[in-house]
Structure formats: C-alpha cells, structure tokens
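Protein chains in written order, with the working numbering: chain A, 1379 to 1512; chain B, 1379 to 1512; chain C, 1379 to 1512; chain D, 1379 to 1512.
Among the clues, some could well be false.
As the list claims (entries may be wrong) - Listed next, the stretches of chain C that the computed footprint assigns to chain B, with coverage defined by at least 3 CB atoms under 8 Å from CB atoms of chain B:
id: 1; segment: 1447-1455
id: 2; segment: 1465-1474
As the list claims (entries may be wrong) - Partner residues are not named here, just some residues of chain A that face chain B (Cβ under 10 Å, in silico):
id: 3; residue: Arg1391
id: 4; residue: Leu1395
id: 5; residue: Asp1396
id: 6; residue: Ala1409
id: 7; residue: Ala1411
id: 8; residue: Ser1423
id: 9; residue: Ala1428
id: 10; residue: Ser1452
id: 11; residue: Glu1467
id: 12; residue: Ala1482
id: 13; residue: Arg1491
id: 14; residue: Ala1499
id: 15; residue: Thr1510
id: 16; residue: Met1511
Just so you know, the hints here were simulated from the structure itself, not pulled from any lab data. For glycine and all other residues, C-beta sits at the position ideal for the given N, C-alpha and C.
Protein chains: 4
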Amino acid sequence: MTTTMPMLETYPRTIDLDRAKLAAAIEAINACAQACTACADACLSEEMVAELTKCIRTNLDCADVCAATARVLSRHTGYDANLSRALVEACATACRSCGDECAAHAQMHEHCRICADACRACERACRDLLATMS
Amino acid sequence: MTTTMPMLETYPRTIDLDRAKLAAAIEAINACAQACTACADACLSEEMVAELTKCIRTNLDCADVCAATARVLSRHTGYDANLSRALVEACATACRSCGDECAAHAQMHEHCRICADACRACERACRDLLATMS
Amino acid sequence: MTTTMPMLETYPRTIDLDRAKLAAAIEAINACAQACTACADACLSEEMVAELTKCIRTNLDCADVCAATARVLSRHTGYDANLSRALVEACATACRSCGDECAAHAQMHEHCRICADACRACERACRDLLATMS
Amino acid sequence: MTTTMPMLETYPRTIDLDRAKLAAAIEAINACAQACTACADACLSEEMVAELTKCIRTNLDCADVCAATARVLSRHTGYDANLSRALVEACATACRSCGDECAAHAQMHEHCRICADACRACERACRDLLATMS
C-alpha cells in the first residue's frame, strides 16, 4: 500500500544512499511511529497506567523522533550527510530506549510486545542505513 | 510490515469505530503523508520547479494534516467524536486539493502521478471512515 | 523572541488574510501546542494519573492539531481557503475540548489551569481568524 | 504569551536540567521552527525559486527536527539523557546547516536574514543546554 520505493525511483536526480536500505528504513520508521503512538494510548487505558508512565513518555518521544526522521530521509534535494547521520543516530537511540522499555512490559501487555518488536526492527533498519552512510 | 491492525486488536478497551475501516484509514493516511513529503522534494528537484510551487505547498500541507490525523485516529482513550470528525474532514479536504494539484502534473512527472493516487486513496479511506462516524 | 510578524512582513507576495490576526493566531497556536505537550507530561507525573488519562489524550490531540495548523497558516503560496478554514475549525474544536478538560482539573493542578488558559486563548484566536475568512 | 516557564515551574516532580536554559532552548527551538516553515514558503514564492531549492529543503528539515526536539524537551517524566543529548545535538546540526544556507541568501532576501538569525539563536540555545547536560 505504501509507495516509498516508487517515490524513490521517480526522484528526478541521483540519491546518495542505497535505495533499498533507505526505503526499508523509511518504512520501518513510519511503522514504528504508528506503533509507538498506539502503544502510548493503549498504556493510557490500562488499569495499571501508573506503572506505565515511563513507557508512555518513551513511546511519545520515539514517535516524534521517528516522524521527523522519516521526513528528513524522504528528502534528497541538497542532501546533508551530517544532519541525516545525526538524526538517524538519535532515532536509533530513541528506538533502543523505547524497545527496552516496552520489552519490560511485553509479558503483561501484548501492545507493548508488538511495539517492542517494531522498535527493534526500526533500530536495526536505522543501523543498517547508518552503516552505508560512513 | 505495519502493525496498525494488531495494535487496534490489543487496545485494552472498546473502540467506538469500525476497526477495519479505521486501520485502512490510518494506513492510507500514513502512506499519503510519505508520498506527499517525497513528492514535494521531487518537485523541488525538477528543472521546472517554478511551475510546481503550488504543488509543493499543497504537498507540504497535506503531509502535515495527514500526520496529525493519523495520530489522532491512533488514539482511542477518551474518544472525542467531534474532533475526529472535524479532523478527518480537514484531511479529506487536504487530500482532495493535493490530489487535484498532483493530477494536473501527472503526465509530466511520475512522482506526481503516484502521489495523486495516494491522495485519492487517502481521501476515499477518510470518507469511508466518516460515513461510519455519523 | 518569535519572528512570526517579521516573517509575514517579508513574504514576497500578497497574503490573503489579515496579517495581525494571522500572526496572533500562529503565536497562540504554537503557545497552546507547547502548553498541551507539557501538560500531558505533567499529568503523567501526577500520583493520580489514572484520573487524568482523558486529559492526557486530549492534550496530545490538541498539540498535534495545533502543530499542523500553525504550519499550514505559516504558508501563503498557492493559498487554499477551503483547507485553511477546515483546519482552523478543527483546531478550534480541539482547543475547546482540551480547554474544557483541563479546566475540570484546574483547581487541583496548576499546569492544567495554565494549559486551559492557553487553549481558551488559542480557540479565541482561531475564531477571530475564521471570522475574517468568510 | 508563551507559558514555557510556568509549565516547567508547575511540573509536579524534579526536572534534571537547568530550568532557565531549558525554557530558553524550548522557546528558541519553537521560534526557529516557525521561522523555517515560513522561510521555506517565502522562498517558494520568490521568482528565483530555482536558486533556493537547497534553502527550502534545509528549512523543511530544520523545522521538522526543531518540532521533535521541542516536544522531547517539554517532557520530564522518565527522563532519558541519552536521547535528549542525541536529539539536541541533531537539532544544533540542523540549525547550523540551515543558518549557513539562509545566511548565504540574507542580502537578497530579508526572510532568509531573519531565519538565519533564528537558526543561530536556536543553535546557541541548544549548545548552552548541551553544556549543562554532560
């Protein structure tokens, strides 16, 4: 349903990054942002919400950082390697924190388990992309 | 790759909307936001950018409205039908404008054609969801 | 510290809206977005967080809608009155809901009182701007 | 008009950062985000838009990174120093790039001059905050 790769393929100039890894990163980041937004809200509706406040905060941060990162990676005009690298690093950091926090609740809450997996997949895709940036 | 439906299924309380239509809308909206961000950037790299400025602006607006709408629709705690309806209406309006504008450039620019399709699909998904809200 | 009005004054073409009301709306919307983000987090740190979940959700929605609205209103190229009107309406709706919800906790929580005021001011600025749009 | 400092003062727990520097950073970041969004649009309406495409792209990136950073810095619950540091670094990087690019057009375009100043102020506020984080 997404058109991430077709949009990369129709960009009129050259793209300085591996298109397959870039598309994989953008899709993993957008999927993670959605999962984190939904997990924050699901945590908010748990009876034990008082024990999930750190998870909610980490989810909100991760969603915000992912959203900004997906946008920056979707642009290629006047590419700035320094910014892309710094932001993808920050995104991987957010996913690591959020994945760890969600994993700690994964046995109690299925939404945290799904979200932890989305964070892990996103962190991996970010690190795969970073490896091609240096 | 996305986990929109699994996240809906693991939400711990009732959801006041049709889950299938809701998931379809969230996914179409997120796909549209990505396409619009990428199309704005692709237009920026066309030699004839001076003729694409309205398209770029409409793309940027549509991406922003879609991003906010996908987030609001991903939350179910303390559901507010008035806000959801007003925002999904605004999202459909943004997709209509952006789809029309991109369609006008679709024969010249393949990225505009793909983006126009994403906007049409998103507008349809928003209207399908709106129909279940009243 | 903000440069909202100077940026409006240096826009190279005509702007189809009252600049003073537009600048006032953008500033009130951005202030409201910040207050709502901070109020959601402050609620999350209250011992009685379980009684504030609807307030948190409404805060998050209001922040997202305000962020998108401030961006759309900061653009004037290829102005689309239909989208601006629909989005400012949705923003006023979000501020009304969030202002009401925060006001209900204003006596217990000073952050809710401050945030309710920011929402009221934002709703007013949105309605003032809407009055000039028709 | 903004309530950044009052919201910090009414946060119910301790905040691990210098409140004055934190408030200054949040305000500078939000002001920069608005200036960058408006500058991208103003560039889009210049007759010589073809020479401003890198400026537009840098403006859009900077606005997105600033928006995410302001939100993360507005949260204190379950504070994660690693993420805050990585993100404020990325924000300073974005402001440096955007400030340099806008400065290159400052003599031709007053909106670029104002935006360059906003980027410089934001980069400084980010670096001041970073200095207190280590």
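Each hint tested on the structure:
1. 1447-1455: holds (count 4)
2. 1465-1474: holds (count 5)
3. Arg1391: 5 Å, holds
4. Leu1395: A/Leu1395 check fails; min Cβ-Cβ to chain B is 14 Å, beyond 10 Å.
5. Asp1396: 17 Å, violated
6. Ala1409: 5 Å, holds
7. Ala1411: Interface hint status for A/Ala1411: holds (8 Å vs cutoff 10 Å).
8. Ser1423: 5 Å, holds
9. Ala1428: 15 Å, violated
10. Ser1452: 4 Å, holds
11. Glu1467: 21 Å, violated
12. Ala1482: 17 Å, violated
13. Arg1491: Cβ of A/Arg1491 sits 8 Å from chain B, so the hint holds.
14. Ala1499: Holds, about 8 Å.
15. Thr1510: 19 Å, violated
16. Met1511: With a minimum Cβ separation of about 18 Å from chain B (threshold 10 Å), the hint on A/Met1511 is violated.
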